[in-house]
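From first to last, the protein sequence lines stand for chains A and B. Following the numbering used here, the numbering of the first sequence begins with 1 at its first residue and continues without gaps. Following the numbering used here, the numbering of the second sequence begins with 1 at its first residue and continues without gaps.
Source of the hints: derived by calculation from the structure; they are not laboratory data. There's no promise every hint is true.
Covered stretches of chain B (in silico footprint by chain A; criterion: 3 or more residues with CB under 8 Å from a CB of chain A, positions within the stretch not fixed) [said to hold, decoys possible]:
id : stretch
1  : 7-19
2  : 29-41
3  : 46-57
4  : 113-122
5  : 130-140
Here are the computed distance ranges between Cβ atoms for each label pair [what the hints assert, rightly or not]:
id : chain 1 : residue 1 : chain 2 : residue 2 : range
6  : B       : 99        : A       : 51        : 48 to 58 Å
7  : B       : 121       : A       : 13        : 25 to 35 Å
8  : B       : 134       : A       : 28        : 43 to 53 Å
9  : B       : 4         : A       : 99        : 26 to 36 Å
10 : B       : 4         : A       : 56        : 53 to 63 Å
11 : B       : 169       : A       : 51        : 30 to 40 Å
12 : B       : 11        : A       : 23        : 37 to 47 Å
13 : B       : 170       : A       : 85        : 52 to 62 Å
14 : B       : 8         : A       : 37        : 36 to 46 Å
Just so you know, these numbers come straight off a predicted model, no measurement behind them. We put the CB at the ideal spot given by N, CA and C, even for glycine.
Each chain, letter by letter, is given below.
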Amino acid sequence: MANQQLNSGNPRVDIEYRRRKSAEEMRYQLVSFALMIFLTLIAFAAVAIEGFTSWFTVPFIILLAVVQVIFQLYYFMHMSHKGHEAPSLFLYSGVLVGAITILAFSTIIWW
Amino acid sequence: MHADEKFTYETWPAAPEKSTLESKNKFLGFWFFLGGETVLFASLFATYLALKDKVPSSSHPLAKDLFELPLTFVATMLLLTSSLTSVYAMYHMKNFAFKKMMVWLGLTALLGLGFLGLEVYEFTHYVHEGHTFTSSAFGSAFYALVGFHGGHVAFGLLWCFTLMFRNSKRGLDLYNAPKFYVFSLYWHFIDVVWVFIFTVVYLMGMVG
Chain A
1 MANQQLNSGN PRVDIEYRRR KSAEEMRYQL VSFALMIFLT LIAFAAVAIE GFTSWFTVPF
61 IILLAVVQVI FQLYYFMHMS HKGHEAPSLF LYSGVLVGAI TILAFSTIIW W
Chain B
1 MHADEKFTYE TWPAAPEKST LESKNKFLGF WFFLGGETVL FASLFATYLA LKDKVPSSSH
61 PLAKDLFELP LTFVATMLLL TSSLTSVYAM YHMKNFAFKK MMVWLGLTAL LGLGFLGLEV
121 YEFTHYVHEG HTFTSSAFGS AFYALVGFHG GHVAFGLLWC FTLMFRNSKR GLDLYNAPKF
181 YVFSLYWHFI DVVWVFIFTV VYLMGMVG
């Protein structure tokens, strides 16, 4: 277990180390929150400012959404931590099935 | 370590969300559920994309006639911020600060409540404009997708309030820490789905 290795047997040392670790993680999470707000603003601006063709805007805002969701998953939901192999398997299997479904449903109305 | 053990700030484990066998199983099971939710929401998105703007007559409002950027923007900011407040709650949970965790959870729920209020206002507005669940295939697909997300928010609020109420006098231990953690995962996942809803439904609806 990853968390057991953190215990040196000296509670004071562990506490110091863990406080520093969680402060560091909090910093990453705040940075990802700022980035997520920023990406949201760009996406809304890309739609609010007229003059872009939808051939540019649609793929662009979808890309922004995907990047934002990656931040959410890896920093807010801790998928960047150790011990998330099974969660990754579950989630990406879901994404794969979901992507095929979306592909099928949106191509069936084109042809 | 077992669920009923009393802890202090010094003895609190580094990963309280998976320090017992039960919580390890809970963690795994919940991620499996989130994988399933991904498929569920993806099929609702697929249905929406296939049926977008499929209306029976030219008098029926289309996506670009209905959606308004400011309302969607405020709702997005509320939900995004509530995701951050639940991150703060988990930060305090890991530091064994029960009261601070409860305060941030309360804030999370309030922001979620604000989001839900906006959604109710939005839906009643649409109904007055003739866009209902049964008015068109577009309407059915729209309310199924966005309404299902709103239902998830409502369930999340109920979950959050129940957790806070039930554990208000208990303090933190390895019995309830995983429960709070799993709730925060759920809440973040709601925000993940919303990111795609505001992009695919609202922003792409405005683009045409």
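Now the hints, each set against the structure:
1. 7-19: Held - the stretch 7-19 of chain B has 8 residues with a Cβ nearer than 8 Å to chain A, which meets the minimum of three.
2. 29-41: holds (count 9)
3. 46-57: n = 4 at 8 Å, threshold three: holds.
4. 113-122: Three-residue rule not met by the stretch 113-122 of chain B, so violated; n is 0.
5. 130-140: n = 0 at 8 Å, threshold three: violated.
6. 99/B with 51/A: 48 to 58 Å: holds (51 Å)
7. 121/B with 13/A: 25 to 35 Å: violated (53 Å)
8. 134/B with 28/A: 43 to 53 Å: With a Cβ separation near 47 Å, residue 134/B and residue 28/A satisfy 43 to 53 Å, so the hint holds.
9. 4/B with 99/A: 26 to 36 Å: violated (44 Å)
10. 4/B with 56/A: 53 to 63 Å: Because 59 Å falls inside the window, the suggested range holds.
11. 169/B with 51/A: 30 to 40 Å: violated (59 Å)
12. 11/B with 23/A: 37 to 47 Å: violated (20 Å)
13. 170/B with 85/A: 52 to 62 Å: violated (32 Å)
14. 8/B with 37/A: 36 to 46 Å: Holds: the Cβ-Cβ distance is about 37 Å, inside 36 to 46 Å.
Hints 4, 5, 7, 9, 11, 12, 13 from the earlier list are contradicted by this structure; the remaining hints agree with it.
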